[in-house]
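4 protein chains.
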Amino acid sequence: MSIRDIPEIQALDTRHQLIRIPPQVDVPLTPRVQSLIDTPAFRRLAKISQLGLVSLVYPAAHHTRFEHSLGTYRLSLLYLKQLSRDRRFLDTVTPKQAETLIVTALLHDIGHWPFCHPLEGLALNGLPDHETSAAYFISADPIAEILQQQWNMEPADVTSLLSGPPQNDASHLLASILSGPIDIDKMDYLERDSLHAGVPYGNHFDQQRLIGSLCLNQQGNGLAVTEKGRTAAELMVFARYVMFSEVYWHHAVRSATAMLQRSFFELRGKLALDQLFQMAEEPFVTALSQAAQGTPFSELLSGLFGPRRLLYKRLLEFSYFQEQPVYQQLARRPYPWLVACGDALAKLINEHTSHAIEPHQLIFDAPPAKLEVEFNVEVAYPKEDCYRTLGEVSPVVQTLAREQFDDYVKRVRLFAHPELIRQELDVKTVRALIPQAIEAADALA
Amino acid sequence: MSIRDIPEIQALDTRHQLIRIPPQVDVPLTPRVQSLIDTPAFRRLAKISQLGLVSLVYPAAHHTRFEHSLGTYRLSLLYLKQLSRDRRFLDTVTPKQAETLIVTALLHDIGHWPFCHPLEGLALNGLPDHETSAAYFISADPIAEILQQQWNMEPADVTSLLSGPPQNDASHLLASILSGPIDIDKMDYLERDSLHAGVPYGNHFDQQRLIGSLCLNQQGNGLAVTEKGRTAAELMVFARYVMFSEVYWHHAVRSATAMLQRSFFELRGKLALDQLFQMAEEPFVTALSQAAQGTPFSELLSGLFGPRRLLYKRLLEFSYFQEQPVYQQLARRPYPWLVACGDALAKLINEHTSHAIEPHQLIFDAPPAKLEVEFNVEVAYPKEDCYRTLGEVSPVVQTLAREQFDDYVKRVRLFAHPELIRQELDVKTVRALIPQAIEAADALA
Amino acid sequence: MSIRDIPEIQALDTRHQLIRIPPQVDVPLTPRVQSLIDTPAFRRLAKISQLGLVSLVYPAAHHTRFEHSLGTYRLSLLYLKQLSRDRRFLDTVTPKQAETLIVTALLHDIGHWPFCHPLEGLALNGLPDHETSAAYFISADPIAEILQQQWNMEPADVTSLLSGPPQNDASHLLASILSGPIDIDKMDYLERDSLHAGVPYGNHFDQQRLIGSLCLNQQGNGLAVTEKGRTAAELMVFARYVMFSEVYWHHAVRSATAMLQRSFFELRGKLALDQLFQMAEEPFVTALSQAAQGTPFSELLSGLFGPRRLLYKRLLEFSYFQEQPVYQQLARRPYPWLVACGDALAKLINEHTSHAIEPHQLIFDAPPAKLEVEFNVEVAYPKEDCYRTLGEVSPVVQTLAREQFDDYVKRVRLFAHPELIRQELDVKTVRALIPQAIEAADALA
Amino acid sequence: MSIRDIPEIQALDTRHQLIRIPPQVDVPLTPRVQSLIDTPAFRRLAKISQLGLVSLVYPAAHHTRFEHSLGTYRLSLLYLKQLSRDRRFLDTVTPKQAETLIVTALLHDIGHWPFCHPLEGLALNGLPDHETSAAYFISADPIAEILQQQWNMEPADVTSLLSGPPQNDASHLLASILSGPIDIDKMDYLERDSLHAGVPYGNHFDQQRLIGSLCLNQQGNGLAVTEKGRTAAELMVFARYVMFSEVYWHHAVRSATAMLQRSFFELRGKLALDQLFQMAEEPFVTALSQAAQGTPFSELLSGLFGPRRLLYKRLLEFSYFQEQPVYQQLARRPYPWLVACGDALAKLINEHTSHAIEPHQLIFDAPPAKLEVEFNVEVAYPKEDCYRTLGEVSPVVQTLAREQFDDYVKRVRLFAHPELIRQELDVKTVRALIPQAIEAADALA
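Chains as they are written, first to last, in this note's numbering: chain A, 5 to 449; chain B, 5 to 449; chain C, 5 to 449; chain D, 5 to 449.
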């Protein structure tokens, strides 16, 4: 059997059993794919929204990880179909490994819990990670059984591709299809998130041309594009920047995120995390809200998920180009430090003014330590018989990677309970106290 | 103040406060609209999906009545802006009445409960209706208070426009904007449902041209289009037909619907309907599932909403052009009769074969008595100074209305539990027993 | 070699050499296709607009038959790729015949001259037809040589498929792919004309679903669709109706068409038709204008093609639902009769009024004798193992075919020189004289 | 009268007389706009393609300057409508000046001749420029008469806004709407060129959001955007980069351009330029071809415009990141120098090899001296009450402007007659001789 003969790739053309997702795309379903989709763990993804709190700002962004998983799985078929015309790919990847990629693409989010990204963004010790959770679901029945009996595949092969260290050129290469600057995950979510949010940003890169230009990097262990796909790759990097700027890091989205993060941070001790992280979104929110009862965080969670919307307001904002020193002191700090800094600030305000601010009424939001930079993809120049990195041939991409993404898009913000705004908390005073708050937090750390 | 000066209509251009929904549409939010949107009753719409069980077949069709309400509200602004150029409209409708239309458009679904359409489709006695439910929410605080204080409007004016009998030309006219062949509700949902389902059917009619051609009918008490909008109106009627054919009455959607209807029919005695019908979707499903515990319907509901998808299979199908006599005997019967007929059929099969079918394992689904026909809109021919009905100038619309819609799209189907398919229940035997089952059901009625 | 191995079908996936056309579609170019495209006869299509006079009304509709030919050729590949999964198709059509279809699709418009449809619509005796012209180009070098040497194909096979009577099931079947209710020609032009005109009408049918449902009719000698494609086929028929209604038979487009037809009718004796019909659009117009010098038709042609736009105005309009008797007396008459009727009318007006109308200042436009009805396609119901015609299962299609298309869309119109409008020619008088004009024309015939 | 009452701006809403262009956009036509459009000079734009030689590569890119002018005119209405909500704009610009902008937007291309950009790109002495040509058409009847009588406007006001030096804040501001990083010209052509070429690049920036964010710069004499429009402005700059990269400076487009430039350069002495530059495209090509008869350039022009396509092939290519030294020696040189360099190279090759190359068989193409950089737009931060340049807040834009645009997209290329490729001209030899050719050309200069 060759890669082109894999039933799912064949099914792209036979069009026997299809399921339709936006934007007018048919996803082929073979019986063994249907079996995976019908498992409880996978169906749970139909009850976890892709963008979580974004729907508080873009109210139509209600799409699920189920839909995104189908889209990513389909792209794995298109990537494989294209790469199966590349001799070096065929020499590196066996049909069985290609099938493992297909399964992994379909199941790549199986371990995700509701609001996974913002909560993992806290980088707290002792928190389960979604890779472990994925491994749990994949290694247990019914998924394990389906893989073994219908796919003739070991669950460990899937979990290893999903999160293990690459062991050879083949797994290195396949991993770069799942995660990298031009991976199938990003290609799907940029378009899908745009479509449901109602914005044009993520749907302008030329999918066809990008896929048509896929090839292997010089070393033969990673995804690359030929010269023809360079612009398409730049567009994809740029699209991601714009989506971060306008959607994922929209200031009101960050306000909601900060409220959720702060609540979770305080409540985490009371929560049965292992259980929690296997829940769908509604039970997850219920569990969180129950844990918050009697605490100030009850109000925050109710503002996010309850019948009355309540979002903290932006009191102050610092970006790289606005107030660089403060920005640099607050960005990329550990989350507990940030909480301490907010607490210190509340205390300082209470000392210097007539306000009686409670710690949870002021929340710092700042870019996490982990950078988003992921632009290392090679561009092949067959005529010159050489490879260059995308950054080398695209100063724009280099600039995005080195400067703009993390320093311009992601800002440091101080969010305040609307009550404080109503009390006309003086911004200048708050601003003036921040250096002291930073000092206080540093002293504690 | 003129209609054009209504703040929401002004806000179409000022673009001050906007909220974005697909397809790349900006909805203007004034403070008094924001107040309505932030009420618990309205936010509940963010937790009720527009298409309910359709997402079992079109997995991305997860959009909410919240989104649809915003879209419908925006269209009310566009309709009013256009009609405010029509002298007869201005002579009939006051700015205050126009504002009532805007509020009513925004709140038109406020009384909807989860799966409202299929459950109301049962036409059971004693069931609350969503108009009553809407009146309840609108007449109670906080909505009533917002209407009175911020809109200077009586709640009764809204509920009367929403569901009362028209009392004069103005209310007749405004009602036709809310409900009729080219109303703002359909114009929004046809496009929105298409977009999220991933199909092209509902987004091909020329919204701009249709809106640009809006005028009053001859009598001055209803919405009409000029000759220029005739094709756009035909397209909208046709789009609705296609959406029924391919989405709303898709056979698998009907299977799920039949399972839900049958379960609700059996369980309704145990349910606190008044409470139930004020719930969001997840609690609604939970309540229904709890009531089903210990009954055979637990399995059905779990198949629809639980971790493992289980849909009944199509055993037989009758349409007008396939088996007219049977079709006509089963279509448009009261739901209890249909249940009795299914029960009788199960019994007959058990008598004539070795099967031991339980009544709930066979479900008849048939077009309800209420027809979908709504094509009466007038077309103005200014040059000839006359009006004609759309049906008169469009044989196609006439045909859709009189024949195709209810007789060709909506079919009679017999759905069976997958277990029966596995047991190889003989279709011919079942088919042969149907006349007897009909007789039995008739005898009972 | 199997059909799937035909180089052009292979090239859909390899994406080696592509040419891009709207809407973001890649057309595969093999060397032997490139050779055909680079011939003078084919390049001439880049200088003949697809819609001719339509651009006087939809100013962006400037696209060429070159572009349309590429689109149609690409669709032939998609149709063949899909049908190559059908056993009956493979038993009927050889790979060589499939290649003939591909070439014929690419060259199907090679014989078209500028404004071909309106001029052929005159149905005048002695006029060359575009089939003959196509045969001429195909049978001559360089095309003949390319076919023989690079395609290993006889030119006669192409011309026979393009215009000859079908000789067996295979050619009957292939001919139905080129011309029929769901042929590749219509599928391309409906979408392409819509896109360039800027209207949504032609791009809403579900191409993917239609192509995915293609199969053979019962007899095995024609294209059909399975039940799954029924709605898509209805949508395509409906799209064509709307395009006729809003674009092709737009009243101002018909005015321009009537002016061109009338001029050509008068000037045809002076024209070297064989030469003329091999020209590109600009030289064609120049030749026509030169022949018109010194005649009243010089002004008409200058109004259409010269620096100053001049279009005749609609004086009267009759449709089936407006004034049926007059409509029926004027529709579907031979063109010379229509000219005689117009001349008689001008004379009668001059007798009864103080006007001095010249015959060419009044032009009747009426539906030609040849009907557009082409809706006979079969729908396969595999479960019931039967076929039904589309008309049988779709009353809407039947209605379009029998009533609406030719009787409602295509109207009888009387166009007048703007000068007559300025002179305030009395419409009622003109209307009253029409029966006499008809009589006079009948007497002459 | 206020700006909002200008008839054309009013007509955006009244929808009385509209003309449709892609993508489904209605352009309002008032009688006085219709009069301008119906002049011979404006209708000539319907016979001049927007992208000239691009259609040799993107065969559907046949759209005209007529269509683009309508699109630009419509955007002027949208910009004005938006800016009319800005107090500072109203204080600066009178309604009469706003009307002048509208006319200028409509007529901004009236002086363009076929292939205007590549020919002006030669920067030859003594060539008429399109501004002069525009002034000629605008100052002469019938346009002058229409402006005076129907618009109550002096032709000189239009020509002054179109090409004169700004005389005050108002004209400075209006000029920035016509020409600048976010002007109406670019906003229209980026989208329009994309659509007709069939590529997604130019249609992804968020027009609505950009227009909704328009404001004045700090000084009050130029167009700016508020913070909300920053990303949209970045996207527009980026879109232009991609369009240059993939369409306008596509290597085959450049080959055709180089062939046309070289031919024109040689033939210009024989041409009556003043007459030529008032022609439509077909007569222009005819005149050029006639002048070329008997010269080697006859073959080049025939390859571009004649029945058989012949494009020179890329022999060598140098970009900033590929071979910087050679790139820098060849880029931004006067065109005559470039011709001399090509001639010298041909001679050198003949001396060092057995080839007998004629000078016109080798053509150097290189970026012209004039840079494309136009990214200076201010971004307003109302909260901080300050303005920053787009470059300051967007390192990406800065990088595009300073590095990528002119140095990475625009390359130096050596094109060769296909005959030389067939003769297997040795690329390495040619490459090695280039420094000597440069020296020779330098010696001549």
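Hints were generated in silico from the structure; no laboratory data involved. Keep in mind that the hints are not guaranteed to be accurate.
Identical chains blur together in the list; that is why a pair holds if it fits in one copy or across any two.
Using 27 Å as the maximum straight-line C-alpha spacing, the simulated DSS-like pairs for lysine-lysine come out as follows [as the list claims (entries may be wrong)]:
1. 387 - 274
2. 100 - 432
3. 100 - 374
4. 51 - 387
5. 387 - 232
6. 100 - 232
7. 317 - 232
8. 351 - 432
9. 85 - 51
10. 232 - 432
11. 387 - 432
12. 432 - 374
13. 85 - 351
14. 100 - 274
15. 317 - 387
16. 387 - 100
17. 351 - 232
18. 351 - 374
19. 274 - 85
20. 351 - 100
21. 274 - 351
22. 85 - 317
23. 51 - 317
24. 317 - 432
Status of the hints after comparison with the structure:
1. Taking CA atoms no more than 27 Å apart as the test, residue 387 paired with residue 274 passes in neither setting, with 62 Å inside one copy and 41 Å between copies.
2. Taking the shortest alpha-carbon separations for residue 100 and residue 432, neither the intra-copy value of 63 Å nor the inter-copy value of 44 Å comes in at or below 27 Å.
3. In this homomeric assembly, residue 100 and residue 374 never come within 27 Å of each other (Cα to Cα): the closest approach is 34 Å inside a single copy and 55 Å across copies.
4. Taking CA atoms no more than 27 Å apart as the test, residue 51 paired with residue 387 passes in neither setting, with 49 Å inside one copy and 35 Å between copies.
5. Proximity of residue 387 and residue 232 under a CA criterion of 27 Å is satisfied intra-copy only: 12 Å inside one chain copy versus 44 Å between copies.
6. In the homo-oligomer, the alpha carbons of residue 100 and residue 232 never lie at most 27 Å apart, since the shortest distance is 30 Å inside one protomer and 34 Å across protomers.
7. In this assembly of identical chains, residue 317 and residue 232 lie within 27 Å of each other by CA distance solely across copies; the values are 17 Å between and 46 Å within a copy.
8. Taking CA atoms no more than 27 Å apart as the test, residue 351 paired with residue 432 passes inside one copy only; the shortest distance there is 16 Å, against 74 Å between copies.
9. In this homomeric assembly, residue 85 and residue 51 never come within 27 Å of each other (Cα to Cα): the closest approach is 31 Å inside a single copy and 38 Å across copies.
10. Only between protomers do residue 232 and residue 432 lie at most 27 Å apart by alpha-carbon distance; the minimum there is 24 Å, versus 52 Å within a single protomer.
11. In this homomeric assembly, residue 387 and residue 432 come within 27 Å of each other (Cα to Cα) only across copies, at 13 Å, whereas the closest approach inside a single copy is 60 Å.
12. In the homo-oligomer, the alpha carbons of residue 432 and residue 374 never lie at most 27 Å apart, since the shortest distance is 31 Å inside one protomer and 48 Å across protomers.
13. Taking the closest pair of Cα atoms, residue 85 and residue 351 never come within 27 Å of each other, the shortest separation being 61 Å inside a single copy and 49 Å across copies.
14. For a Cα distance limit of 27 Å, the shortest separation of residue 100 from residue 274 qualifies neither inside one copy, at 44 Å, nor across copies, at 53 Å.
15. Only between protomers do residue 317 and residue 387 lie at most 27 Å apart by alpha-carbon distance; the minimum there is 14 Å, versus 55 Å within a single protomer.
16. Proximity of residue 387 and residue 100 under a CA criterion of 27 Å is satisfied in neither setting, with 33 Å inside one chain copy and 36 Å between copies.
17. Taking the shortest alpha-carbon separations for residue 351 and residue 232, neither the intra-copy value of 58 Å nor the inter-copy value of 34 Å comes in at or below 27 Å.
18. Taking CA atoms no more than 27 Å apart as the test, residue 351 paired with residue 374 passes in neither setting, with 29 Å inside one copy and 59 Å between copies.
19. Taking the shortest alpha-carbon separations for residue 274 and residue 85, neither the intra-copy value of 49 Å nor the inter-copy value of 55 Å comes in at or below 27 Å.
20. In this assembly of identical chains, residue 351 and residue 100 lie within 27 Å of each other by CA distance neither inside one copy nor across copies; the values are 61 Å within and 51 Å between.
21. Proximity of residue 274 and residue 351 under a CA criterion of 27 Å is satisfied intra-copy only: 26 Å inside one chain copy versus 55 Å between copies.
22. In this assembly of identical chains, the alpha carbons of residue 85 and residue 317 never lie at most 27 Å apart, being 49 Å within a copy and 31 Å across copies at closest.
23. Within a single copy, residue 51 and residue 317 get their C-alpha atoms only as close as 29 Å, which misses the 27 Å cut-off; across copies the closest is 24 Å, which meets it.
24. For the identical chains of this complex, residue 317 and residue 432 are intra-copy neighbours only, at 16 Å inside a copy versus 65 Å across copies, given an alpha-carbon limit of 27 Å.
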